[in-house]
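Line order of the protein sequences matches chains A and B.
Under the numbering used here, think of the first position of the first sequence as 6, with each following residue one higher.
Under the numbering used here, think of the first position of the second sequence as 6, with each following residue one higher.
Fair warning: there could be bad hints in the mix.
[Claimed, not checked] Straight line, CA to CA, 30 angstroms or less: simulated DSSO-like cross-link-like pairs of lysine-lysine:
(1) A:Lys40 to B:Lys171
(2) A:Lys29 to B:Lys40
(3) A:Lys48 to B:Lys29
(4) B:Lys129 to A:Lys40
(5) A:Lys57 to B:Lys48
(6) A:Lys129 to A:Lys142
(7) A:Lys129 to B:Lys142
(8) B:Lys142 to B:Lys129
(9) B:Lys82 to B:Lys166
(10) B:Lys40 to A:Lys57
(11) B:Lys82 to B:Lys171
(12) A:Lys29 to A:Lys61
(13) B:Lys29 to B:Lys40
(14) B:Lys48 to A:Lys40
(15) B:Lys140 to A:Lys48
(16) A:Lys57 to B:Lys57
(17) B:Lys29 to A:Lys57
(18) A:Lys29 to B:Lys82
(19) A:Lys82 to A:Lys142
(20) B:Lys40 to A:Lys40
(21) A:Lys129 to B:Lys40
(22) A:Lys29 to B:Lys57
(23) B:Lys61 to B:Lys40
(24) B:Lys61 to A:Lys29
(25) A:Lys29 to B:Lys29
(26) A:Lys48 to B:Lys61
(27) A:Lys82 to B:Lys166
(28) A:Lys40 to A:Lys61
(29) B:Lys48 to A:Lys48
(30) B:Lys61 to A:Lys61
(31) B:Lys57 to B:Lys129
(32) A:Lys29 to B:Lys48
(33) B:Lys166 to B:Lys129
(34) A:Lys29 to B:Lys166
(35) B:Lys142 to A:Lys61
(36) A:Lys48 to B:Lys40
(37) A:Lys40 to B:Lys57
(38) A:Lys40 to B:Lys29
(39) A:Lys61 to B:Lys48
(40) A:Lys129 to A:Lys166
It is worth saying that the hints were derived from the structure and are not from the lab.
These are the residues of each chain, in order.
2 protein chains.
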Amino acid sequence: MLYTSEALQQLIEEFAQLPGIGTKSAQRLALYVLKRPREEVVKMANALVSVKDRIKYCSSCWNITDVDPCIICCSPKREHEVICVVEEPNDVLALERTNEYRGLYHVLGGSLSPLDGIGPEDIKVRELLARVNGKVKEVILAMNPNVEGEATTIYLTRLLKPLGVKVTRIARGIPVGGDLEFADDATLTRALEGREIL
Amino acid sequence: MLYTSEALQQLIEEFAQLPGIGTKSAQRLALYVLKRPREEVVKMANALVSVKDRIKYCSSCWNITDVDPCIICCSPKREHEVICVVEEPNDVLALERTNEYRGLYHVLGGSLSPLDGIGPEDIKVRELLARVNGKVKEVILAMNPNVEGEATTIYLTRLLKPLGVKVTRIARGIPVGGDLEFADDATLTRALEGREIL
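Input sequences plus hints: build the corresponding full structure.
Here's what the structure looks like:
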């Protein structure tokens, strides 16, 4: 198709590369950008580059941060005896959104996936084991509920249990607002297995 | 909620301001940006600012363009005797996507909306009338099918007809792939009224 502006075409192509954004959405976003004041667009452009320039990894939990160690690892308000292990930084964001969890995190940077050639040395397993010294009381495994996440959970449980730490995993079951009728067999099985005493 | 990085938080807020992008999508986009190589992110940032710096309006059709007059208005391959009147530049993109229309465009920059204080002098009506001289054979009105678009269509028809030009409007009816059962009354009425002879 024909664009009357090369600059617009380039921006549309850039937007269309983002996950979950197709050509139509990209067009809408680009035209929205065109309507905004120049200083706001410059601010957005600077925010993009600044993310690449300012963000590093926390040397303790391997989450993304501006300062090392990160503000979660440094916070006196958090429980330093509990570590929640997740795959990616966006999992930390998801858990933080709940405003429920008060412990620390450990970001593996992926999950075990032999088919993709990702072994224990490719994710931050050694760093996790080094953190689990006498002071840590509980390690919560919060992997994604898929094959790779499952494998990672089993692998980490085997390594962590001998260290004398309490190892737990987050519950799998019917999502809140979900419908029993439409839940798949595996989820229902997990929901039954993980039933709570009332 | 708590972000461990101010730079990331800023980028998420910037993304969340875009239309159709909520906080969750913005987080996903920002983390995607973080994973991309720096030079690609810089390219995207430049594309953003360049859209604001390079794009102007075509002095003939008022569409967005890098060069004035725009490549559609200049193209010898297009039919210069047909002008399709649309509300916004994204309507031009939508029509160009079809690869069917070969005439020129005229972008009004909005539609008549007395409630919002938008009158004929706020959109490019005068400029349209100036273009309709002896050479233009047909003016196709392609306003959005809502109250404002309807008012604009009626208003423009009244102004254009005395100039001796053929004035048409795009068909309203059942969308392709749509379901008769779920079509609203107004759409069905228009579809009946606009029925074609086979």
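We went through each hint and held it up to the structure:
1. At roughly 33 angstroms between alpha-carbon atoms, lysine 40 of chain A and lysine 171 of chain B are farther apart than 30 angstroms, so this suggested pair is violated.
2. Proximity of lysine 29 of chain A to lysine 40 of chain B is assessed by CA-CA distance (about 24 angstroms); at most 30 angstroms being required, the pair is judged to hold.
3. A C-alpha spacing of about 21 angstroms is found between lysine 48 of chain A and lysine 29 of chain B, which places the hinted pair at or below 30 angstroms, so the restraint holds.
4. For the hint linking lysine 129 of chain B to lysine 40 of chain A, the alpha-carbon distance of about 17 angstroms falls within 30 angstroms, and the restraint holds.
5. At most 30 angstroms may separate the alpha-carbon atoms for a hinted pair to count; lysine 57 of chain A and lysine 48 of chain B meet this at roughly 12 angstroms.
6. This hinted pair checks out: lysine 129 of chain A and lysine 142 of chain A have alpha carbons roughly 20 angstroms apart, not beyond 30 angstroms.
7. Of the pairs offered as hints, the one joining lysine 129 of chain A and lysine 142 of chain B is violated, with about 70 angstroms between alpha carbons and a cut-off of 30 angstroms exceeded.
8. For the given pair, lysine 142 of chain B sits about 20 angstroms from lysine 129 of chain B by alpha-carbon distance, which is consistent with the 30 angstroms threshold.
9. For the hint linking lysine 82 of chain B to lysine 166 of chain B, the alpha-carbon distance of about 27 angstroms falls within 30 angstroms, and the restraint holds.
10. Pair hint lysine 40 of chain B plus lysine 57 of chain A holds up; C-alpha atoms about 8 angstroms apart against a cutoff of 30 angstroms.
11. For the suggested pair lysine 82 of chain B and lysine 171 of chain B, the alpha carbons sit about 22 angstroms apart, so the restraint of at most 30 angstroms is met.
12. For the given pair, lysine 29 of chain A sits about 34 angstroms from lysine 61 of chain A by alpha-carbon distance, which is inconsistent with the 30 angstroms threshold.
13. Our distance criterion of 30 angstroms between C-alpha atoms is met by lysine 29 of chain B and lysine 40 of chain B, whose separation comes to about 17 angstroms.
14. Distance restraint check for lysine 48 of chain B and lysine 40 of chain A: the Cα-Cα separation of roughly 20 angstroms lies within the 30 angstroms cut-off, and the hinted pair is therefore satisfied.
15. Distance restraint check for lysine 140 of chain B and lysine 48 of chain A: the Cα-Cα separation of roughly 46 angstroms exceeds the 30 angstroms cut-off, and the hinted pair is therefore not satisfied.
16. The suggested pairing of lysine 57 of chain A with lysine 57 of chain B holds, with an alpha-carbon distance near 23 angstroms, which does not exceed 30 angstroms.
17. For the proposed pair lysine 29 of chain B and lysine 57 of chain A, the alpha carbon gap of about 20 angstroms is at most 30 angstroms, so the pair holds.
18. Our distance criterion of 30 angstroms between C-alpha atoms is met by lysine 29 of chain A and lysine 82 of chain B, whose separation comes to about 26 angstroms.
19. A threshold of 30 angstroms between alpha carbons decides the hint, and for lysine 82 of chain A with lysine 142 of chain A the separation of about 17 angstroms falls inside it, so the pair holds.
20. About 28 angstroms separates the Cα atoms of lysine 40 of chain B and lysine 40 of chain A, which keeps this hinted pair within 30 angstroms; it holds.
21. The suggested pairing of lysine 129 of chain A with lysine 40 of chain B holds, with an alpha-carbon distance near 17 angstroms, which does not exceed 30 angstroms.
22. Annotation: proposed proximity of lysine 29 of chain A to lysine 57 of chain B holds, straight-line Cα distance about 20 angstroms (limit 30 angstroms).
23. Of the pairs offered as hints, the one joining lysine 61 of chain B and lysine 40 of chain B is violated, with about 33 angstroms between alpha carbons and a cut-off of 30 angstroms exceeded.
24. Under the criterion of a C-alpha separation no larger than 30 angstroms, the hint pairing lysine 61 of chain B with lysine 29 of chain A is consistent with the structure, at around 22 angstroms.
25. For the given pair, lysine 29 of chain A sits about 20 angstroms from lysine 29 of chain B by alpha-carbon distance, which is consistent with the 30 angstroms threshold.
26. The suggested pairing of lysine 48 of chain A with lysine 61 of chain B holds, with an alpha-carbon distance near 21 angstroms, which does not exceed 30 angstroms.
27. Distance restraint check for lysine 82 of chain A and lysine 166 of chain B: the Cα-Cα separation of roughly 74 angstroms exceeds the 30 angstroms cut-off, and the hinted pair is therefore not satisfied.
28. Under the criterion of a C-alpha separation no larger than 30 angstroms, the hint pairing lysine 40 of chain A with lysine 61 of chain A is inconsistent with the structure, at around 33 angstroms.
29. A hinted pair counts as satisfied when its Cα atoms are at most 30 angstroms apart, and lysine 48 of chain B with lysine 48 of chain A qualifies at roughly 15 angstroms.
30. Distance check on the hinted pair: lysine 61 of chain B and lysine 61 of chain A sit about 39 angstroms apart at the alpha-carbon level, beyond 30 angstroms; violated.
31. With a CA separation close to 21 angstroms, the supplied pair lysine 57 of chain B and lysine 129 of chain B stays within the 30 angstroms bound.
32. The straight-line distance between the Cα atoms of lysine 29 of chain A and lysine 48 of chain B is roughly 21 angstroms, inside the 30 angstroms bound, and the hint therefore holds.
33. This hinted pair checks out: lysine 166 of chain B and lysine 129 of chain B have alpha carbons roughly 17 angstroms apart, not beyond 30 angstroms.
34. Using a Cα cut-off of 30 angstroms, the hinted pair lysine 29 of chain A and lysine 166 of chain B is violated, with the two alpha carbons roughly 35 angstroms apart.
35. Simply put, lysine 142 of chain B and lysine 61 of chain A have alpha-carbon atoms about 62 angstroms apart, too far for the 30 angstroms limit, and the pair is violated.
36. Proposed proximity of lysine 48 of chain A and lysine 40 of chain B is supported: the alpha carbons are some 20 angstroms apart, at most 30 angstroms.
37. With a C-alpha separation of about 8 angstroms, the suggested pair lysine 40 of chain A and lysine 57 of chain B falls inside the 30 angstroms cut-off, and the hint holds.
38. With a CA separation close to 24 angstroms, the supplied pair lysine 40 of chain A and lysine 29 of chain B stays within the 30 angstroms bound.
39. Only pairs whose Cα atoms come within 30 angstroms are accepted, and lysine 61 of chain A paired with lysine 48 of chain B is accepted, the gap being roughly 21 angstroms.
40. The hinted pair formed by lysine 129 of chain A and lysine 166 of chain A meets the criterion: a straight-line CA distance of about 17 angstroms does not exceed 30 angstroms.
Hints 1, 7, 12, 15, 23, 27, 28, 30, 34 and 35 from the earlier list are contradicted by this structure; the remaining hints agree with it.
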